[in-house]
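**Q** If you read the protein sequences in the order shown, they are chains A and B. Everything in the first sequence is counted per this note's numbering, starting at 3 for the first residue and increasing by one. Everything in the second sequence is counted per this note's numbering, starting at 13 for the first residue and increasing by one.
Derived from the structure by calculation, the hints contain no laboratory data. From the three backbone atoms N, C-alpha and C, an ideal C-beta is built for every residue, glycine too. You may find that some hints are simply not true.
[Stated by the list, open to error] Listed next, the stretches of chain A that the computed footprint assigns to chain B, with coverage defined by at least 3 CB atoms under 8 Å from CB atoms of chain B: (1) 36 to 46; (2) 73 to 87; (3) 115 to 122; (4) 272 to 281.
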Amino acid sequence: MAGTSSSEYIPHHLQHLRYDVVQGEWAHAADGIVNFHLINVDTMVMGLLMGLLFFAIFYSAARKATAGVPGKFQAFIEIVVEFVDDRVKEVFHGDRRFLAPLALTIFCWVVLMNMMDLLPIDVPGMIAGAAGAPHFRVLPTADINTTFAMSLTVLVLVLFFSVKAKGLGGFGHELITAPFGGHPALWIPNFALNVVELLAKPVSLAMRLFGNMYAGELVFMLIALLGFAATGSFATGGVGSGIAFLLGQIAMALAWGGFHIIIILLQGFIFMVLTVVYISMGQEGH
Amino acid sequence: MQINLTLLGQALAFLILIGLSWKFIWPPLLNAIEARQKKIADGLAAADRGQSDLEDAKNQALAIVREAHGKASAVVDQAGRRANEMVEEAKGTASAEGARMIASARSEVATETARVRGELRAEVAKLAVAGASQLLKREIDAKAHAALLDELAEQIVVAR
């Protein structure tokens with residue numbers, strides 16, 4: 003972004019495009035750590051767009067799916083489906099009719115959202131700026147709302163499947179008697195430990211994905227700062243150092259981009275597998 | 013960094029996506045995969061079955077050929093035995109026939125001989141009578157008699 007200094011560049015790129023649904027106007031300042039009047043429009047738009055992309059791709063494959071010789075597109079989709087199904091099968095021994103599509107949704111949606119990090123860092127902001135939006139963060143998984151939305155949904159599913167497998171009484175009984183034993187004096191420590199265990203799951207899921215993607219985005223921004231340094235060198239007549247900064251920026255962007263592709267897939271995979279593990283643990287009990 | 017309404021929005025989006033995936037994406041894809049797996053398994057089983065059927069048919073054919081071989085050799089044996097029998101039979105009838113023919117020829121020869129002897133005897137008697145009558149009619153002329161007697165003797169020899 004020409005004209006912006008490097009000290010403004012990073013905070014600018016970390017700003018969400020926010021809308022105040024109560025006031026009915028664009029919000030300029032992020033008021034408060036928790037504020038349910040505001041919504042991050044960029045996160046929602048990109049998240050829904052990626053969800054729609056996932057659904058469009060897989061639904062078109064599912065509608066034309068044939069048991070005969072599959073085409074290349076169907077074969078690719080089936081590779082993904084079987085990959086997910088095999089991972090679920092390894093961890094969870096039971097009816098996979100809900101858990102497997104859940105895992106597929108998590109894997110594909112997270113990977114697609116993470117992939118937005120590979121877009122050239124300034125291009126989405128420029129396009130949004132041309133449309134009149136002052137900020138636009140294109141990476142939904144670097145928004146803690148997205149990752150907590152997913153992990154809390156997973157927590158609800160864990161609780162639901164635990165109760166479904168053990169019954170409300172069985173689940174409640176386990177909450178106060180495991181892991182130490184059924185003595186009344188141990189009910190409170192047991193319960194405290196179980197609550198911590200339950201809450202640790204969504205927190206770790208959400209923070210892991212958020213941390214990885216936020217850090218990845220930040221590193222791309224820092225690499226982009228080399229471009230500022232190059233511009234500065236050229237402006238003061240230092241052609242040699244300017245070219246060095248520029249080459250450095252290209253080399254590092256390539257290296258980090260290549261490494262980040264692995265992180266993108268890995269984080270989607272980890273989120274999927276851990277979700278399946280948590281749900282299967284909840285069903286099987288202590 | 014702020015927890016805001018996006019949390020609920022994304023959770024809702026996530027739930028809708030899970031539902032869509034659960035209802036519309038997973039079942040047809042997995043059905044297609046499982047149907048194909050079943051097809052392949054069936055095909056392999058059919059191939060195995062075909063192989064064993066082929067094996068059976070081969071064995072059956074071999075057994076039939078073996079049986080036919082046995083039958084054919086039996087027929088050949090029988091035919092050979094029958095031929096020998098026929099030859100023996102023919103030999104027997106032929107030698108019997110020969111013996112019969114020889115016997116009849118012999119008896120024929122014997123009757124013919126007897127008949128000729130009878131005729132010869134009558135002829136000799138006739139000649140003797142003729143000679144005697146000639147002798148009685150004429151005077152005995154030694155020379156004439158000699159010639160007459162010679163003729164007579166010759167006739168006897170020829171007639172014998």
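**Q** For each hint, tell me whether it holds in the structure or not.
**A** Hint by hint, here is what the structure shows:
Coverage of the region 36 to 46 of chain A by chain B holds [criterion: at least 3 residues with CB-CB distance below 8 Å; count 9]. Counting residues of the region 73 to 87 of chain A whose CB lies closer than 8 Å to any CB of chain B gives 6, which reaches the minimum of 3, so the coverage claim holds. Only when three residues or more bring their CB closer than 8 Å to a CB of chain B does the claim for the region 115 to 122 of chain A stand; here the count is 0, and the claim is violated. Counting residues of the region 272 to 281 of chain A whose C-beta lies closer than 8 Å to any C-beta of chain B gives 0; at least three are required, and the coverage claim is violated.
The structure fails hints 3, 4 (numbered hints given earlier, in ascending order).
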